[in-house]
Structure formats: structure tokens, C-alpha cells
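Chemist: Read off the chains here:
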Amino acid sequence: MPELPTKRKKTSWKPNQISQYLLKSKFVLLGKEADRGLLFKIFIYLLLFDTAFIYLNPLFYMISSMVKSGPDILDPSVIWVPKSIFLGSLQEAWTTLNYPNAFMISLYLSTLAAVFQTVFCAVAGYAFARLHFPFKKFWMACLLLTFVVPPQVLILPMIVAANQMNLLNTFWPIILPTLFGHGLKGALFVIIYRQFFYTQPKELEEAAYMDGANVFKIFFRIMLPLARPAIIVVFLFSFVWSWNDFYYPSMYLLQTDAQPLSLSLSQLADYLKKKTELEGPSIFDNSIKMATSFLMIVPLILLYSFTQRWFVEGVERTGLVE
Amino acid sequence: MATDRVSPLRKRRWSAMTLRKLEGSIFIAPWILGFLIFMAFPLGFSIYMSFSNVRILASGIDVKPVGLQHYDYILFKNPVLLYNQLIPFLKQQLFIIPIIVIFALLIAILLNQKFYGRAFFRVIFFLPVIFSSGQIVREFIAQGKGELDGGGDPDTAGSFNSFIDMSSFVNSVFPPSWAGPIQTVLNSFVIILWYSGVQILIFLAGRQTISKSAYEAARIDGANPWEVFWKITLPGMTPFILLNTIYTIVDLFTFPTNPILSQMDTANIGRSSALAWIYFVIIFLFLGLFYVIFSRATRSQRALRG
Numbered sequence: 001m002p003e004l005p006t007k008r009k010k011t012s013w014k015p016n017q018i019s020q021y022l023l024k025s026k027f028v029l030l031g032k033e034a035d036r037g038l039l040f041k042i043f044i045y046l047l048l049f050d051t052a053f054i055y056l057n058p059l060f061y062m063i064s065s066m067v068k069s070g071p072d073i074l075d076p077s078v079i080w081v082p083k084s085i086f087l088g089s090l091q092e093a094w095t096t097l098n099y100p101n102a103f104m105i106s107l108y109l110s111t112l113a114a115v116f117q118t119v120f121c122a123v124a125g126y127a128f129a130r131l132h133f134p135f136k137k138f139w140m141a142c143l144l145l146t147f148v149v150p151p152q153v154l155i156l157p158m159i160v161a162a163n164q165m166n167l168l169n170t171f172w173p174i175i176l177p178t179l180f181g182h183g184l185k186g187a188l189f190v191i192i193y194r195q196f197f198y199t200q201p202k203e204l205e206e207a208a209y210m211d212g213a214n215v216f217k218i219f220f221r222i223m224l225p226l227a228r229p230a231i232i233v234v235f236l237f238s239f240v241w242s243w244n245d246f247y248y249p250s251m252y253l254l255q256t257d258a259q260p261l262s263l264s265l266s267q268l269a270d271y272l273k274k275k276t277e278l279e280g281p282s283i284f285d286n287s288i289k290m291a292t293s294f295l296m297i298v299p300l301i302l303l304y305s306f307t308q309r310w311f312v313e314g315v316e317r318t319g320l321v322e
Numbered sequence: 001m002a003t004d005r006v007s008p009l010r011k012r013r014w015s016a017m018t019l020r021k022l023e024g025s026i027f028i029a030p031w032i033l034g035f036l037i038f039m040a041f042p043l044g045f046s047i048y049m050s051f052s053n054v055r056i057l058a059s060g061i062d063v064k065p066v067g068l069q070h071y072d073y074i075l076f077k078n079p080v081l082l083y084n085q086l087i088p089f090l091k092q093q094l095f096i097i098p099i100i101v102i103f104a105l106l107i108a109i110l111l112n113q114k115f116y117g118r119a120f121f122r123v124i125f126f127l128p129v130i131f132s133s134g135q136i137v138r139e140f141i142a143q144g145k146g147e148l149d150g151g152g153d154p155d156t157a158g159s160f161n162s163f164i165d166m167s168s169f170v171n172s173v174f175p176p177s178w179a180g181p182i183q184t185v186l187n188s189f190v191i192i193l194w195y196s197g198v199q200i201l202i203f204l205a206g207r208q209t210i211s212k213s214a215y216e217a218a219r220i221d222g223a224n225p226w227e228v229f230w231k232i233t234l235p236g237m238t239p240f241i242l243l244n245t246i247y248t249i250v251d252l253f254t255f256p257t258n259p260i261l262s263q264m265d266t267a268n269i270g271r272s273s274a275l276a277w278i279y280f281v282i283i284f285l286f287l288g289l290f291y292v293i294f295s296r297a298t299r300s301q302r303a304l305r306g
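Chains A and B are the protein sequences, given in the same order. The numbering of the first sequence is my numbering, which starts it at 1 and goes up by one. The numbering of the second sequence is my numbering, which starts it at 1 and goes up by one.
Chain A with its partners taken away, still in its complex shape (with noise of 0.2 Å):
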């Protein structure tokens, strides 16, 4: 049997500990590999906090200088915080904003153009990444046309062609693309699910095909549920891309009442240019712009933070890759 090896008498070997205590902090901190160790993570969290603050440094602005009264404005030590909230600025953006109604046509037509370009991007998009259709490669080609071009350059037709057909001052120009797949940057969306749909696996159809259902089965009740992550980033991006335009409703809507948003605060500044010319400036000129910039922009952070979630790991998984 093999002599069990007896216990080594413990040596109070000082150097041989140091060395140990040593060899495991330095694992601690530079980590056994260059990027596991607390340093490197230290120096992540500097740099991402530093960059964070400089990326929000005019939100927070833009909130702290809505609500500064007064003798707020006035006070150089007051930078950040201020001394009491005044709510003046907020109300009388809210007044000249006519938020209420701008709110619900921004909403209207948002949604609107949201809903239609998730649902027919998404039929287009899978046409193109998993149909037949003869002259493919040559629509492939218009699709990356449609991405390239500028707005500006095909405006001026549209606006002729809005006002021959009596529709100019109407939503229809906005909405009317978005029902074929195109709008405002119809064609990043079509290519956005193309990559998705191209990247699932074709075993499912080819299942459901064997299985006698037809493509329409196949795309509504296979292929759609199947893109949720596509759908919401879809979604969310053109809610936000439409609510914040103010390209297309300063093109079609300029002579209406109905103004989204978007119009009201670009012509907020009309608006205080001639109140300075009448009245002179006044210090509260700045926080009312800040106010309506925070107006605008408080639905689309609340909308935000709801689906913050999904957003994100949606992106992950569009598969905008190869």
C-alpha cells in the first residue's frame, strides 16, 4: 500500500506568501486575461460615464433651463440646479404650441405611417428575400435606388401632382406612400426585414409547403409572428422618424390648422422673433424654446422607455447581418 506522504511541517515562508498575495491581486486587477481584470473594467465604466454625460449634458440642460424662474435666469451661480421650479415657461409653450391639437395630429399621423410601414415593408421585404418574381435583381436595384435618393429631388413632382388632385392640404400625401411600402425611409425598412426574413431558416417553409399551405398562410401565420423583432424595431423607428419630421408637413401642410408638432415648434421661432421685435427680449425667450423642444420630445421618451427593452435586444436578433 503506498505510504500516505506525511504532513509537510508548515513554514512560515513569508516571501513564498507575499508572492502569492501579490500574483492574486495582480489576477484581481489586471484579471487573467487583459479584459476581465477591475482596471479594465474601471476604465469602461470612466470612459462610458464620461461619454454619457457628454451625451446628455443638453438634455439635462434643456430640462434645467426649462424650469429656471426668473431671478434664476439672472443668477450666474446658478448653473444646474435651480433655486425653485417655475412652471411659466412650460404653460406658455404649451399655449403657443396649441398642444393639444398639434399632440393628437403628431399622434395620428404617426401611427398611421408606423402601422402601415411595419405591415406592407414587411410583405415587400419578404418578396424580396424569399419570393420569385421575374426581373428580380433589376428591383433589388430599385430598392437601393429608393434608399439613395433624396427627398428634395422628387418633392416638387409630388407637390404638383398633390395639387392637381386636390390633396394638398390633406394627410394623404403622407400617409399614401406608406400604404405601398415606401414613406419616409420606406426603403431602410424593406431592407431591414429583407435581412431578417433572409436569415430564417427555410426549413419552416419548406415544411408548410409540404404540409398544402399557400404562401399568404405561409407568410401571415408563419413568417410574421416569427418577426416580432423586426416588427418592433420597424415600429418604433418610424414612429419616431415620422413624428419628428417636419420635411413632408411643411411641404403639404403648411396652410392648414392641422400642423403637427414638429411645424408648431419650427414656427415657434417666427413666433419669437416677432415678439422680440414687438416687446423687445426677454430672458425667458430661451426656456420657452427648451419648454417646447421637452414637449415635443416627452411622448416619444415615455414611448421610449416602455419598449426600451424589446427595442434593444430586437436589433440583436433582426439579424441585419449576413
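You may find that some hints are simply not true.
To be verified - Facing chain A, a subset of chain B residues (Cβ under 8 Å, in silico): (1) F35; (2) P128; (3) L287.
Hints listed in this document are in silico derivations from the structure and should not be mistaken for laboratory results. C-beta atoms are modelled at their ideal positions from N, C-alpha and C, and glycine is treated no differently.
Starting from the known structure of chain A, arrange chain B on it as the hints suggest.
Modeler: Only chain B this time, still in chain A's reference frame:
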């Protein structure tokens, strides 16, 4: 077909391929229709209008062909309209586009590391996508919020400007025609960073394509993170760098408030159409130039990949 001879009453069946083509056509038909109505027609009509004088009358429009008059006017006779705005704008873009793409790349890689609060930071960095609308951005730039020190009072200690006097530095090093655009870029630096929201998303998605096994193999072989970045991450991201740069170019050039397009108006439709088309050709040239440079730079890499 044999079946026809056997039973002339039986209907000829479509081949599977034709059936598939029919289904595909039904799916793509709305999009193609939309393309014809909303893209092809305006493109064609816009070209036609750029070669003519257009007036809007109560009864319709009045189009009088005048040939190359508008192009002549914009390109040669009245350089103020185009070149004064165009050249500084292009110079700015030369700086802005790499800044955005590189910044997005770095942030995407940072956000991919595993650490606590990663989700929180992702939320923060995607936030600007929500409010990068034209007016808000312009407002911030006007307030000086775009500068790196947050537009603080230059007298307050610790502000960026008091350490490095950026404007005099820029003015002394660069020739005057470049110093102006560079100064503008520095003034709106933070806002430029805001434009990188979508690009960060694309890079994050692209980072997922690089297979984990490549990283694990590198790890086992003892590569340090720097080498890993240059040899694995960066080559894997090249198609996304291309995609992002194209997207950034298109996005920035078509922003409605850029100086050239804001000169378009409905007063002189013919000239505005010509201006828009010239601008579009410029974008196309820019994109083509970039694509050529990109292909050259990654030629060896693509040959390796096969």
C-alpha cells in the same frame, strides 16, 4: 402534354415555377406599384421640370421647355447659389462622417463587453435617436451646447476652452478655407455624436455575426484584446463599416436643413428641380468615390476571404 391527349377536358396545369412567380409577383406588386407612382414618376417628371420653366396656374401647370438654362445658371452663371454653400458643407462632411462611424464602432464594441449596467448604458446611447429632429438640434447648436465643454462660461474654471483655446489653434494651423468648417464641426461636436444612434445599432447587430468560437480560439492562443480587436473584430466589421458609412452619407446629405436644399422653393420650380438633381449627382459621386476607396482598401482582405 400527354395528359391533354388523354383527356382534352382536363385543364392545363401551370408549372410550379410559374405558380411561384405568380405568388411572388402578387407579394411584390404593391411595392412595385408604389415605386412607379412615388419614385419613378417623380424622378422622371423632376428631370423634365429641370429642363423647363414651370409655373403653377389655377387651371393646371404650365411647362415651357428651356433646355439647359437652369443648369447653366446654377453651375456657371451664379456660383453663389451653389458653391458658397457646397464647398464648406462638403468639407464639414469630410470630418463628420468618419467621426460618426468611428465613434459608433467604439461605442458598439464597448457596449458589447460584459459588465453590470450594460443595459442601462445601451438605453442612454440609443436615446438620441429619439430626439434628433432638425429644430431641436439646431436649437442646441445655437446655444453652444454642441461644444465639448457644454458651452460653459469661459471664465469658469475647468472648462475645456480655458485649457486649450481651440479656435485660435484651429485658425493657426489650418488654412482659412478649412478652418471655418473645422470650427463648425468642433462647435457641434456633441450633436454630431447624437447622429450616431442608428449606426451604433447597426454595429451592435453586426458584432453578433462574428462567431464566438473565433474569439475563444484567440483567447486560448493567448491574444491580448488589442490584437483581438485588430485581427478579428475589425475585419469582421468591414461590411458593416461600409453599410454604416453609406447610410451616414445619405442621411447627412439629405437632412432637410442643409444649406443647399433649403434654397429650394416652390417659386421657381424648374430651377429648384435642377438644383435638387445637381445635388443628387453630387451625392452619387461622393458615394461612388467612397465605394471605390473602400474596395481598394479592403481588396486584400476580400481576396483572403475568397
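Chemist: Any hints this thing doesn't respect? Which numbers, in order?
Modeler: none
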